[in-house]
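S.K.: Chain by chain, the residues:
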Amino acid sequence: MAKFTAKPNDLLKINYNPPQTDWMDTPVEIREHMYCHPSKKKDLDTVGFPNGRDWRVADEDWKLPANWEQTILEGMQALLKKYRSFSVFMDICVRCGACADKCHFFIGTGDPKNMPVLRAELLRSVYRGNFTLAGKILKKIAGARDLTVNVLKEWWYYFYQCTECRRCSVFCPYGIDQAEITMMGRELTNLLGLQIGWSGGPIAACYMKGNHLGLEPHTVKSCIDLFSEDIETITGIKIEPSFNRKGAEILFVTPSGDLFANPGTYTAMGYLMLFHELGLDYTWSTYASEGGNFGFFSTNEMAKRLNAKIYAEAKRLGVKWILGGECGHMWRVLHQYMDTWNGPADFLQEPVSPITGTKFENAKSTKMVHISEFTADLIKNGKLKLDKSRNDHLKVTYHDSCNPARGMGMLEEPRYVIKNVCKNFYEMPENTIREKTFCCGSGSGINASENMELRMRGGLPRANAVKFVHDKYGVNMLACVCAIDRATLSAANEYWVPEVGVTGVTELVANALVMKGEKERTLDIRLEPLPGKEGSEEVS
Amino acid sequence: MKTLFPLFAVITLIVLVVAGVQYANMQFLFGVIIPYLAVATFVAGLIYRVMKWASSPVPFRIPTTCGQELSLPWIKQDKLESPSGTLGVIGRMALEVLLFRSLFRNIKLDMREGPRIAYGSDKWLWLSGLAFHWSFLIILIRHFRLFAIQLPYPIHVIESLDSFLQIGVPMLYITDVVILAAVTYLFIRRITNPLVRYISLPADYFPLFLILAVAGSGVLMRYFTKVDVVGVKQLTMGLISFRPVVPQGIGIIFYIHLFLISVLFAYFPFSKLVHMAGVFLSPTRNMANNNRMVRHVNPWDYPVHVHTYEEYENDFREKMKSVGIPVEKE
Amino acid sequence: MYDSGKIITGLLVFVAIVSFPFVYSRGTNIVKPEPKIDTPVIQQMAVKQCVQPRAFMRAEHMQLLNDWRDSVVRDGNRVYVGFGGKQYNMSLQNTCMHCHSNKKEFCDSCHNFMSVKPYCWDCHIAPKENKS
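Protein chains in written order, with this note's numbering: chain A, 9 to 548; chain B, 18 to 347; chain C, 1248 to 1379.
A few of these clues could be false.
Unchecked claim - Cβ-Cβ distance ranges computed for the label pairs, FRET-style:
hint: 1; chain 1: A; residue 1: Y434; chain 2: B; residue 2: L182; range: 49 to 57 Å
hint: 2; chain 1: A; residue 1: L234; chain 2: B; residue 2: K69; range: 26 to 34 Å
hint: 3; chain 1: B; residue 1: R260; chain 2: C; residue 2: Q1290; range: 34 to 42 Å
hint: 4; chain 1: C; residue 1: P1365; chain 2: B; residue 2: K69; range: 34 to 42 Å
hint: 5; chain 1: C; residue 1: S1266; chain 2: B; residue 2: K69; range: 17 to 25 Å
hint: 6; chain 1: C; residue 1: I1372; chain 2: B; residue 2: I269; range: 37 to 45 Å
hint: 7; chain 1: A; residue 1: D154; chain 2: B; residue 2: V344; range: 50 to 58 Å
hint: 8; chain 1: B; residue 1: I205; chain 2: A; residue 2: H401; range: 51 to 59 Å
hint: 9; chain 1: C; residue 1: G1331; chain 2: B; residue 2: I28; range: 38 to 46 Å
hint: 10; chain 1: C; residue 1: I1372; chain 2: B; residue 2: Y65; range: 28 to 36 Å
hint: 11; chain 1: B; residue 1: Y65; chain 2: C; residue 2: P1365; range: 18 to 26 Å
hint: 12; chain 1: B; residue 1: L112; chain 2: C; residue 2: N1324; range: 48 to 56 Å
hint: 13; chain 1: B; residue 1: L116; chain 2: C; residue 2: C1370; range: 36 to 44 Å
Just so you know, the hints here were simulated from the structure itself, not pulled from any lab data. These figures come from a predicted structure and were not determined experimentally. Beta carbons are placed, not taken as given, at the ideal position from N, Cα and C, and that holds for glycine.
Put together the whole structure using the sequences plus the hints.
M.R.: Below, the structure written as structure tokens:
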């Protein structure tokens, strides 16, 4: 595969006019830089996914297993019986088109099959052809078609051009959620071993080693030890966090991405500093060292299998409740799925902040609290000493990650935190934030490198809104509560609006946090000189 | 092709009823048997459809949250867009069903030079959709006049409100104008908006043409080519009281109207029109966002293979010990 | 989670709505209205002829009355040339009701059957026989 070299201006020639030929008669054209490589056989075998094999997307022959049509149709039947959402969404769409121009992939590509309605029709047409009387008799007149190899390829191509962000579902008069349909499509293609490598690898790693990056226990510890050294350099305070410690009050779980890649690492340092300052009785776990869940981007069963570790580890360590770090899809899973999959968590206690005494009533069953909820409560109760001015060089905007916004409704907490640690805060345009927020363009397991054109196109709507506040207010920092965002928006901003960096909310908190016994800070969390503080010799 | 087929289908239906009534004298078939069958199909079909949906469980609680969750007491929850209890869900569903809340959010993409992607307000779909559905409902309720001798008072109120402009005789119903305009707009939108045209199926045009023909024949009958209304009411009263009679000389336009609405009723459960029932069953809208407060149970949940801590420690015990991470077995 | 209770309630409401007209009008005696034209005035007429032929009057009387009203109130013209060139005074009370003095058995018989309430008598005074 040739390297992706297209310049932003090349990508901007977007044609929103659909082709002359009807979509059913327009065969899928699988384009370079728009898809992810397949998963390795060994990764699928590790977790017992069926039909693992070596195959190439560009090849004509995908080496599909025998009777694959039957496998898919039986799988569809089973899913229709398991999920009312799927069953209802297959029947009630009126094709009003309200969702059409709401998808970031459609906006960025102009490909009509990226309109959520049409992406759903790819599957619906096969549903009609095989599961409805009208479809069986009237065929194409009823919008039905047969399941062929090309249809399957089309499914695969477009179900991995959806990041399950649910923006379409906000605008749909019936709440039809393309994320739900994409999940079904991925369940089905997974029956045939059509997993993508960027999901398959992390899933196998997470299953065996506890986190997506495959960090082994000693590596998890050494990453965090390294952060502690940096923190000592910045603040002069030595932090010694604990791992797999029994009897701790709180288990802390965050996505492993933040242990490894900038700028997520700075957010991880933020957690360490905040918890140390609070004197929080908490522990990290190397076994449950992943809050994220790439299983969620493959099959429901896989997601449940990966998620099981969190409660299991909380039980083993005997903690009272669980605190979760900043991550998008992790919070969709924790908020809407974990308790159902692996609960009831009756071995835990209803979360109470040991610092403020606040009961987190909204988490009384799942017993897991979001770091932004936790921090907002601290600030509200005046438990943190904050020096806002350390963030004065930043002009910050906030990107609502899809899942905390549309799968959880956490909109105000992070904003409250940011406004208390930063002086300069500017919202992006109304239609691009909160429940109408745009995806980073690389969620749901497709943040690979070989599909960079797709990712940059998908990230365009978000980046364009960032550019708007950059041009208007001079915004130079994008804050978010998502580890995938920290990785992918760094790339998208670099491409579309390179002047704007990306940070986690807790990094901003840590930068402003005045710690007991700290030295005069001259460096920010990134070990870069703090503007206005470099070499200053204040008389105390 | 996508528009022509449904257009011809509706024309064929009209030809069929004209031929049947005008030339083959099948008034009883079109005036009694088909309407009964249509209503029976409508009711049975819709119940069947809903039961079929209902036979699949809702394994997870997956509301699409469109507002602030219930969290800390000092943060204002958006009780309608992110409801945490039954009352809020009822409110959210009522807004959705009665006022098309989500469609009201509609915005329109506008890609400008620069590039600058802008999103403009676009309420026409919402307005025409709302106008169409409400008109249809009011017209349906007004037709109760044909199925009762003593009308309940509210029906009179609806009638007089609908005709309060007092234009012409018989007085013009506002809804008659609105429904024709709204359906026409929805049709024009479907063929002129390139994206919507691209996604449209014959099954999208057919109900539009059918409803246009039903409303058109009704308007024609009321205001222009008069029919024997006393005969019509004899027939409708006969239907409703299960003592069917077919008076002679009612006028063909009535039979066209009746047959087309019968087709619409019978077609309903087997088409996208089931969104009328489906909207109530959509899990992204009809569930409370109380996920972390109240555990949701998945009826088909089953045990899965997990990689246990024990297996994990067995894999990494020495490495863990070497950096001082506590282990279960030394 | 099936929510069977809520769904069955919903379906019952649906069935109740659909069956309401059937229940409401159950056992209604359907008698085709026969407007009576046997008033004394009509009986004395040699040629029993209204201002227009019967079929026209049946379908268009409301339109005709409307035209009369406009003509009288707006143009002050009270002369109507009817069927066969005969002239009539445009007046509901003095012309129409002169012959059809039996509002109850003539006007109301159809109007009640059709469940329509014309607004004629909002302004005009109904014939005495109608006072109940």
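S.K.: Evaluate each hint against the coordinates.
M.R.: Now the hints, each set against the structure:
1. For the hinted restraint 49 to 57 Å between A/Y434 and B/L182, the CB-CB distance of approximately 50 Å keeps it satisfied.
2. For the hinted restraint 26 to 34 Å between A/L234 and B/K69, the CB-CB distance of approximately 57 Å leaves it violated.
3. Look at B/R260 against C/Q1290: about 35 Å separates their beta carbons, and that is inside 34 to 42 Å.
4. For C/P1365 and B/K69, the Cβ-Cβ distance of about 48 Å falls outside the hinted range of 34 to 42 Å, so the restraint is violated.
5. The supplied range of 17 to 25 Å is met by C/S1266 and B/K69, whose beta-carbon atoms lie about 22 Å from each other.
6. A beta carbon spacing of about 41 Å between C/I1372 and B/I269 agrees with the range 37 to 45 Å that was offered as a hint.
7. With their beta carbons about 56 Å apart, A/D154 and B/V344 fall inside the hinted range of 50 to 58 Å.
8. At about 54 Å, the CB distance of B/I205 to A/H401 agrees with the hint of 51 to 59 Å.
9. For C/G1331 paired with B/I28, a C-beta distance near 43 Å keeps the hint of 38 to 46 Å intact.
10. Taking 28 to 36 Å as the suggested C-beta distance range, the pair C/I1372 and B/Y65 does not conform, at roughly 57 Å.
11. For B/Y65 and C/P1365, the hinted distance range of 18 to 26 Å is not satisfied, since their beta carbons lie about 44 Å from each other.
12. For the pair B/L112 and C/N1324, the beta carbons lie near 55 Å from each other, so the given range of 48 to 56 Å is met.
13. Our hint of 36 to 44 Å for B/L116 and C/C1370 holds, since their Cβ atoms are close to 39 Å apart.
Against the hints set out earlier in the document, violations occur for numbers 2, 4, 10 and 11.
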